[in-house]
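Q: Below are the chains, spelled out letter by letter.
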Amino acid sequence: MIVAERKPFDEIKNMVSGYKKVLTVGCGTCVAVCLAGGSKEVETLNAELNLAFGKDKIEFGAETVERQCDMEFLEELDSKVDEYDALVSMACGAGIQFLAERFPNKPVFPAVNTSFIGVNLDVGWYEEKCRACGTCVLGLTGGICPVTMCAKSLFNGPCGGTNQKSCEIDKEQPCAWYKIHERLAGQGRLDQIIEISPPNDWSNQKPRKIIQPGYEERVKALGR
Amino acid sequence: MMAETTNTIDVTINKDVLVIGCGTQGLEAAEAVAAKGYKVVLVDDADLPAPAANAIEVMANTKVESLAGLAGDFRTCLANGSGRSERTFGAVVVAPRYGLAPLNEAYGLALNDKVVTMTQMEALLDDGAFKETLVQGEGKSIAFLSGFGQEGDPAATSRVLEAALTVQQAGNSRAYVYANNVKVGARGLERLFTQGRNEGVVCFKPLEKPAIEQGDTLKIVINDPVVREDVELEPDYIVVEEAVVAGPENLAFAEILRIDTDLDGFIPSNNVHRFPANSNREGIFVASQPADAANVALRVAELLDNGVRTVAKNAAVVDENKCTICLTCYRCCPHGAIFWENGIAAISPVACQGCGICASECPMDAIQIGDFTDEALTADIQEAVASVSGTPSIVAFCCQNSALEAGEAAKAFDAELPQGFRMVQVPCAGKVDVEFIMKAFVEGADGVMVAACHEGNCKAERGNTFAKWRVEEIQKRLETIGLSKDRLIFTTIASNMAEEFSMKVRMFAEQL
Chain B
1092 MIVAERKPFD EIKNMVSGYK KVLTVGCGTC VAVCLAGGSK EVETLNAELN
1142 LAFGKDKIEF GAETVERQCD MEFLEELDSK VDEYDALVSM ACGAGIQFLA
1192 ERFPNKPVFP AVNTSFIGVN LDVGWYEEKC RACGTCVLGL TGGICPVTMC
1242 AKSLFNGPCG GTNQKSCEID KEQPCAWYKI HERLAGQGRL DQIIEISPPN
1292 DWSNQKPRKI IQPGYEERVK ALGR
Chain Y
9 MMAETTNTID VTINKDVLVI GCGTQGLEAA EAVAAKGYKV VLVDDADLPA
59 PAANAIEVMA NTKVESLAGL AGDFRTCLAN GSGRSERTFG AVVVAPRYGL
109 APLNEAYGLA LNDKVVTMTQ MEALLDDGAF KETLVQGEGK SIAFLSGFGQ
159 EGDPAATSRV LEAALTVQQA GNSRAYVYAN NVKVGARGLE RLFTQGRNEG
209 VVCFKPLEKP AIEQGDTLKI VINDPVVRED VELEPDYIVV EEAVVAGPEN
259 LAFAEILRID TDLDGFIPSN NVHRFPANSN REGIFVASQP ADAANVALRV
309 AELLDNGVRT VAKNAAVVDE NKCTICLTCY RCCPHGAIFW ENGIAAISPV
359 ACQGCGICAS ECPMDAIQIG DFTDEALTAD IQEAVASVSG TPSIVAFCCQ
409 NSALEAGEAA KAFDAELPQG FRMVQVPCAG KVDVEFIMKA FVEGADGVMV
459 AACHEGNCKA ERGNTFAKWR VEEIQKRLET IGLSKDRLIF TTIASNMAEE
509 FSMKVRMFAE QL
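Residue numbers (this note's numbering), protein chains in the order written: chain B, 1092 to 1315; chain Y, 9 to 520.
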């Protein structure tokens, strides 16, 4: 899932301070799971803002949609946003932008910082696992992502900075390639660590679009 | 509210009817529906005349802002000067608007004060000052062009004949009609045509589009097939025909109502399996022709009846544990029969037509269709492959609206079919899942055929298109795997094409 964390309160407060009526929009999927932008966080943020501004200065509304990254769910807001003069989105960066695109006449402010693609380790505890590099090498690296975990995002490692299981940048930061070595050794396929992965084409990081196979004709037919 | 019986459920539906867009068609449809005893709300974004029937609530200067829900329960937002109101209806009738586009370019003409459109000439003929010029001095000669810029229709022909007659009746002027076909297939047109001829309207029916020179004067040259000579005319006015085009509101209606338009933007889209007044969505009807009002009323009554509808319980069932509301089904359903509530996709048993496109597209296999569950179809595929002795074994997924009928007929007529040929019945080619095709190969089929309705002929609008895309996609995958893509074919067939069907199967078998 996409993991986000709420922005510092003062930053949010400053963004909305000039407005009279603000709608805080939550997202019911990733940011709800990582406890940053679901229905509860929307209500909590609104309560904090109410306390900070005093009840009469700004009126805050609350809506949480299933996903802010699907226009059909954003459509549910169509009849509601008119009365507001600004929107606060608690979705990830994708959701915030899609909301802003749907209501181009309304200022849209982010209430969270989108942090990473990660996993849930326990309640409220998340770890980054993927940088969406577009060229997955997990098959060669024992299922451990060097792009995410290695400070240099090396496809072929380790570098000279590996330091007794740790990375040279921080003792607490494990060396990705040490872990990859251990995982592959444990599976009896250490010979694979020698295999050279060609460098990633980082020019692929321009805004990407994917059309799943089988839907190309549909997309063409829709003329989008 | 739903009351359960054995295999069906009774669904209570709203009995009110919304009629959008006025004009003659809208008004007549509203009155016809009201006459059946249903409460009708007639809205138009302009002023409205008061309808005769009391049961009709009229909302002038009102726009339909949104429409959600499904047949029996359409939830609309109606907006006008006094604000917005939310109203629920069981059925919606839309009376489309049309515009007119002059076809002067088809004749190589530029419009000016001498070359005018049909609409302009009609306005001139209503103008006393212009009519005076038809009587004064030598009068005027006016040439009407009809049927060379488009095929034309009785409505267009009627306008030409009316105007030509008016010109002729003015007394001192002459009307000439250059027609490709004089379309008189409507009430009173034959009489109108004959009356015009009797009063002196000259009609030419050249075999080719008239050659026209547009300079200081106008000159029309044709080769008249009756006298077999070139005939020249230098008329004072040329009147060009106009094409009927979809009004810009049509697309807006279609978008709000989520119904398909045809290629020219008209609603409803064409489908031979549907009554002309039906759209691709259950409960949304279109009154576009004078004859439609009565048909619309019949269809509305059929749907709403007494407010209770008995429908199959298992038409399409969503597994709530699997559904992730990814909206794929909602986006793919050609009948707008799917929405979502309580965190899962919901398929209206009233609006669902059972085509199964949703089930095939669902990434979680969360949708099961009536008699065509994944389990049942998988068993059919296994049975089809296992029952074959000899090669090649061919599994043909056959749409029950076309290919299945053709295949059954081929068998009944003892048409030659390969020994290893087996048909698997599907409700629509759109139900042929990628998994099913792959399953057939895995089970050992030598060839797989997906047989759908002809393009533009699918009962579910796009089931055949979806099937074709999937086949093309799997062909690519087969090649990637290292298998021949020719082991899989997509074909279209009509139910009456038994011989062609058996030939296609034989050719496929030979190729395998």
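Treat the hints loosely; a few may be bogus.
[Claimed, not checked] Straight-line C-alpha distance at most 20 Å; calculated EDC-like pairs for lysine to aspartate or glutamate:
no.	chain 1	residue 1	chain 2	residue 2
1	B	Lys-1311	Y	Glu-349
2	B	Lys-1311	Y	Asp-268
3	B	Lys-1171	Y	Glu-349
4	Y	Lys-71	B	Glu-1167
5	B	Lys-1311	Y	Glu-463
Quick caveat, the hints were computed from the structure, so don't treat them as lab data.
Q: Now tell me if each hint is right for this structure.
A: Hint by hint, here is what the structure shows:
Our distance criterion of 20 Å between C-alpha atoms is broken by Lys-1311(B) and Glu-349(Y), whose separation comes to about 30 Å. Proposed proximity of Lys-1311(B) and Asp-268(Y) is supported: the alpha carbons are some 16 Å apart, at most 20 Å. Distance check on the hinted pair: Lys-1171(B) and Glu-349(Y) sit about 19 Å apart at the alpha-carbon level, within 20 Å; holds. Of the pairs offered as hints, the one joining Lys-71(Y) and Glu-1167(B) holds, with about 19 Å between alpha carbons and a cut-off of 20 Å not exceeded.
For the hint pairing Lys-1311(B) with Glu-463(Y), the CA-to-CA distance comes to about 17 Å; that is within 20 Å, so the pair holds.
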